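Chemist: Take a look at the letters that make up each chain.
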Amino acid sequence: MSTTIDETRAGGRRPGDAIFKGTAIAAALVILLALAGVAVFLLYEGIPGILGAREETDASFVSYVWPLVYGTLVAALIALVIATPFAVGMALVISHYAPKRIAKPLGYVVDLLAAVPSVVYGVWGITVLGPQLVPLYRWLADTVPWIPFFAGPASTTGRTIFTAGVVLAIMILPIITAICREIFAQTPTLHQEAALALGATRWEMIRMAVFPYARSGMISATMLGLGRALGETMAVALVLSASGVITLNFISSTNPSTIAANIALRFPEATGLAVNLLIASGLVLFAITFAVNFAARYIAGSSARRMSR
Amino acid sequence: MAKSIDVSDLNIYYGDFLAVQGVNMTIKARSVTAFIGPSGCGKSTFLRSLNRMHEVIPGARVEGKVVVDGQSLYDPSIDPVAVRRQIGMVFQRPNPFPTMSIYDNVLAGNRLNSRRMKKSEADSIVERSLKGANLWNEVKDRLNKPGMGLSGGQQQRLCIARAIAVEPQVLLMDEPCSALDPISTSAIEDLIHELKSDYTIVIVTHNMQQAARVSDETGFFNLKATGQPGQLVEFNPTKKVFSNPDEPATEAYISGRFG
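If you read the sequences in order, they're chains A and B.
35 is the number that our numbering gives to position 35 of the first sequence; each next residue is one higher, with no gaps.
173 is the number that our numbering gives to position 173 of the second sequence; each next residue is one higher, with no gaps.
If you're looking for bench data, these hints aren't it; they were derived computationally from the structure.
Treat the hints with caution; some may be incorrect.
Just the calculated beta-carbon pair ranges, DEER-fashion [unchecked claim]:
(1) 147/A to 116/B: 25 to 35 Å
(2) 75/B to 202/A: 17 to 27 Å
(3) 25/B to 201/A: 48 to 58 Å
Residues on chain A that point at chain B, a partial pick, calculated with CB under 10 Å [to be verified]:
(4) 45
(5) 48
(6) 188
(7) 189
(8) 209
(9) 212
(10) 215
On a predicted model such as this, the values are computed, not experimentally measured, just so you know.
No residue lacks a Cβ here, since even glycine has one placed at the ideal position from N, Cα and C.
Make a model of the complete structure from these sequences and hints.
Modeler: Given below as structure tokens:
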């Protein structure tokens, strides 16, 4: 018996294995090549923009791109701060609180949010959400102007970085919810029952057994949402009335722009060095998003290592 | 602290499916009561109905009465969370909380019960519980290491320490040794003997020698017939069950002539 096993192994190389291995490697290489191609393009076209920024804008590249980076990060962080608690709560309702026949449709509805095109969110933000938020901005500027975020004067159109953040929050909500929901549902029954048998209420059980188990996944989910918020173009380009300033004031009519929205708005009319400049700012966005994803991987990985110990 | 349990006419359902039918028994305080029987006959289901863990499963419900110390567990005014704080449980597979240290695992139940504890008080609970679970000498130098780093038998004793840290009235054990090697099993059995003086212990086991070794009274569960609900066939002192059982079915199961 053992000789037959050895023979097949020595004969090795079943054609099916070889073909599968080949296609898998080819697929991986194609993706790597595409990514490398994008990086090379960004560098090749972007570097002249970085070097020639002074001719084009009378300022260094850093002072050109910094307000955009700032706006990108602020809009994404506002989105994250708003979306994460809602997403985690929604995911918990679907995975642990709602009865099955309600949880399923609720999950579909949240997934449906991801199916709405971003331009629709943009139009909705500009025509509905923005004007609706104006009274809130006015109230904030009147009541708590000593908080730098709400210093006012309040925008009259509602096309502020805060509105853009809210729109982005709704757009990243389904991503975070979907991932958190999956991870919450995977929490081992054993750990949940351990907590319940000790006399934990459902919320205590979730804090004791579900959150520790799901922590790395929740971080990854948030980071993926952040990645989407950083790169989102159309909705921000439509909603935001940008003037390229750096300000902590989230509700006034002068707002920082974001890298992606800036490229979308300027690219059609850009020529020569201006194109290179825009591509260079795209390179910066690429680097930021890459760093965010890398950090997410690292955090998820270190938490997974701790769990497996 | 230890309490007796009176069960009368208990029917246990999963949705519409009747899993266990018509159980009547009295579990004595400060004794070990073992349940034996073939797989799927409802021993574990019955055990889980004693601390209202059964209803954690969607659709699961119970009819009948379980009375602990004059208090009916299934009375509408009773909060299942309060029941579980009084009646501890140890599971088939060791389940310490993976992100918690040994120290925090032991205190997990206490932290639920009381808002704030002094450090000295917490230390003494940890030491008392781990000593009670015969684990103190093995872990006293690494209390802040994760509980998952222990061996399977140590993890199970850690779970017992966690259960007794809140000083429950009753300790339920659902096949606590089935995932353990013989040495760890013997350590747990010794522990059960010692815990008997303070707690009412109910244990489900597939190992009949274990039932004979550790228990004072034994209940034999069996299916009425294939596809029928499980039932309590016989409930008697362990000596009698294993030497001269009332029911022929019990004798057949114990002697291995079981079809």
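Chemist: Does each hint hold? Answer for all of them.
Modeler: Okay, the hints, checked on the actual structure:
Take residue 147/A and residue 116/B: their Cβ atoms lie about 33 Å apart, and the range 25 to 35 Å holds. Restraint check, residue 75/B to residue 202/A: a C-beta distance of roughly 21 Å satisfies the suggested window 17 to 27 Å. Between residue 25/B and residue 201/A the beta carbons are some 30 Å apart, a value that contradicts the proposed interval 48 to 58 Å. About 47 Å separates the beta-carbon of residue 45/A from the nearest beta-carbon of chain B, more than 10 Å, and the hint is not met.
Restraint check, residue 48/A versus chain B: the minimum CB separation of about 51 Å is more than 10 Å; hint violated. The interface hint given for residue 188/A holds, since its Cβ lies 8 Å from the closest Cβ of chain B, which is under the 10 Å cut-off. Because the closest C-beta pair between residue 189/A and chain B is about 9 Å apart, less than 10 Å, the hint holds. Annotation: residue 209/A was flagged as interfacial toward chain B, and the flag holds, the nearest CB pair being 7 Å apart, inside 10 Å.
With its C-beta approaching chain B no nearer than about 4 Å, residue 212/A sits inside the 10 Å limit, and its interface hint holds. For residue 215/A, the interface hint holds, since its Cβ comes within 10 Å of a Cβ in chain B; the closest pair sits about 8 Å apart.
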